[in-house]
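Asks: Sequence:
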Amino acid sequence: MPARTGKSAGLSAPGSAFDMLVPFLTALPITGAFISVSDASGRQSSLCSSDPVAARLDELQFELGEGPQREATRTGAVVLIDDVAESSHARWPVFGMALRELDVAALFAIPLVLGAVTVGAVGLYRSIPGSLTDQELATATAAASAIASVAVRHALAAAGEHGAPESSAAPAMRREIHQATGMIVVQLETTATIAYSRLFAHAFGSERSVHDVAHDVVSRQLNFETLPE
Numbered sequence: 001m002p003a004r005t006g007k008s009a010g011l012s013a014p015g016s017a018f019d020m021l022v023p024f025l026t027a028l029p030i031t032g033a034f035i036s037v038s039d040a041s042g043r044q045s046s047l048c049s050s051d052p053v054a055a056r057l058d059e060l061q062f063e064l065g066e067g068p069q070r071e072a073t074r075t076g077a078v079v080l081i082d083d084v085a086e087s088s089h090a091r092w093p094v095f096g097m098a099l100r101e102l103d104v105a106a107l108f109a110i111p112l113v114l115g116a117v118t119v120g121a122v123g124l125y126r127s128i129p130g131s132l133t134d135q136e137l138a139t140a141t142a143a144a145s146a147i148a149s150v151a152v153r154h155a156l157a158a159a160g161e162h163g164a165p166e167s168s169a170a171p172a173m174r175r176e177i178h179q180a181t182g183m184i185v186v187q188l189e190t191t192a193t194i195a196y197s198r199l200f201a202h203a204f205g206s207e208r209s210v211h212d213v214a215h216d217v218v219s220r221q222l223n224f225e226t227l228p229e
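Note that UniProt numbering has the sequence shown beginning at 1, numbered continuously upward.
Some hints here could point you the wrong way.
Each pair of labels, with its calculated beta carbon distance range [stated by the list, open to error]:
1) Arg100 to Glu189: 46 to 54 Å
2) Thr190 to Gly76: 19 to 27 Å
3) Val186 to Glu86: 47 to 55 Å
4) Glu189 to Asp82: 34 to 42 Å
5) Ala138 to Glu225: 27 to 35 Å
6) Gly76 to Ile128: 23 to 31 Å
7) Asp216 to Pro52: 19 to 27 Å
8) Arg175 to Glu63: 40 to 48 Å
9) Gln135 to Arg175: 19 to 27 Å
10) Arg220 to Arg91: 37 to 45 Å
11) Ser206 to Ser131: 33 to 41 Å
12) Arg175 to Ser145: 37 to 45 Å
13) Arg220 to Ala116: 17 to 25 Å
14) Ser127 to Arg74: 23 to 31 Å
Keep in mind that the hints were calculated from the coordinates and are not lab data. Quick caveat: nothing in here was measured; it's all calculated off a predicted structure. Ideal placement from N, C-alpha and C gives every residue a C-beta, glycine not left out.
Kindly generate the complete structure, drawing on both the sequences and the hints.
Replies: Structure representation (structure tokens):
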């Protein structure tokens with residue numbers, strides 16, 4: 001079974017990963033939400049959840065290795081279950097059986113995508129059946145796009161990349177990351193914010209440190225212009 005990092009999903013303090021859920025909870029007709037990310041090896045980081053039911057939905061999919069959120073992460077496609085009771089759950093039979101024990105009537109999974117990398121998914125659920133309108137789905141997709149880079153940074157921090165004591169080499173490493181970001185700006189003709197996010201996403205998706213990827217960019221071993229969009 002793939003390893004899992006981070007806290008068991010639950011309510012987070014203000015100013016933390018829980019803030020990423022706010023756009024979904026305030027703009028959509030849903031009961032709850034949760035977010036997790038996965039790296040190239042399948043290691044999952046549960047970042048936050050709005051309530052105990054959302055936390056259990058996240059945990060179940062990790063424990064069983066199946067479910068709409070995991071499929072959205074694997075395929076990069078939205079998964080929509082408008083009516084849990086009427087769905088066959090053929091793609092995730094064990095998870096479908098476990099859903100019967102929860103107050104979940106509709107379930108949606110929105111992939112978190114950065115460039116060509118799907119880094120995780122946002123899970124949304126409702127306690128009554130019902131679909132998302134086209135506008136609501138567009139809102140959910142836009143919100144997921146807006147938080148994708150933040151989710152990756154939270155996952156990296158939870159994995160300890162930013163938690164270790166700073167070494168004497170840290171200033172030079174930061175300079176190299178800054179230099180790599182500038183080079184990616186030129187390669188992709190984009191903003192520094194997007195370039196920085198793409199750097200983080202590539203590192204997370206390839207299971208490497210951000211500094212190692214930055215070094216490859218600066219030494220011209222890696223050009224983001226040649227990577228898939």
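Asks: Using the C-beta atoms of Asp216 and Pro52, is the stated range 19 to 27 Å upheld?
Replies: violated, 43 Å
Asks: With 23 to 31 Å as the target window, see if Gly76 and Ile128 comply at their CB atoms.
Replies: holds, 28 Å
Asks: Check the following: the C-beta atoms of Gln135 and Arg175 are separated by a distance inside 19 to 27 Å.
Replies: violated, 44 Å
Asks: Go ahead and decide if the range 46 to 54 Å is satisfied by the Cβ distance of Arg100 to Glu189.
Replies: Since Arg100 and Glu189 have Cβ atoms about 51 Å apart, the given range 46 to 54 Å holds.
Asks: Could one say that the CB atoms of Glu189 and Asp82 fall in the range 34 to 42 Å?
Replies: holds, 40 Å
Asks: Does the Cβ-Cβ separation between Ser127 and Arg74 fall within 23 to 31 Å?
Replies: For Ser127 and Arg74 the Cβ distance comes to about 27 Å; the hint holds.
Asks: Can you tell me whether the CB distance of Arg220 to Ala116 sits inside 17 to 25 Å?
Replies: Taking Cβ atoms as reference, Arg220 and Ala116 lie about 20 Å apart, which means the hint holds.
Asks: Check the following: the C-beta atoms of Arg175 and Glu63 are separated by a distance inside 40 to 48 Å.
Replies: holds, 42 Å
Asks: Take the C-beta atom of Ser206 and the C-beta atom of Ser131, compute their distance, and say whether it sits inside 33 to 41 Å.
Replies: Check passed, 36 Å falls within 33 to 41 Å.
Asks: State, for the Cβ atoms of Thr190 and Gly76, whether the hinted interval 19 to 27 Å holds or is violated.
Replies: Holds - the Cβ-Cβ distance for Thr190 and Gly76, about 20 Å, lies within 19 to 27 Å.
Asks: The hint says 47 to 55 Å between Val186 and Glu86; measuring C-beta to C-beta, is that right?
Replies: holds, 52 Å
Asks: Quick one: are Ala138 and Glu225 within 27 to 35 Å, going by C-beta?
Replies: With a Cβ separation near 29 Å, Ala138 and Glu225 satisfy 27 to 35 Å, so the hint holds.
In this structure, the earlier hints numbered 7, 9 and 12 are contradicted, and the remaining ones agree with it.
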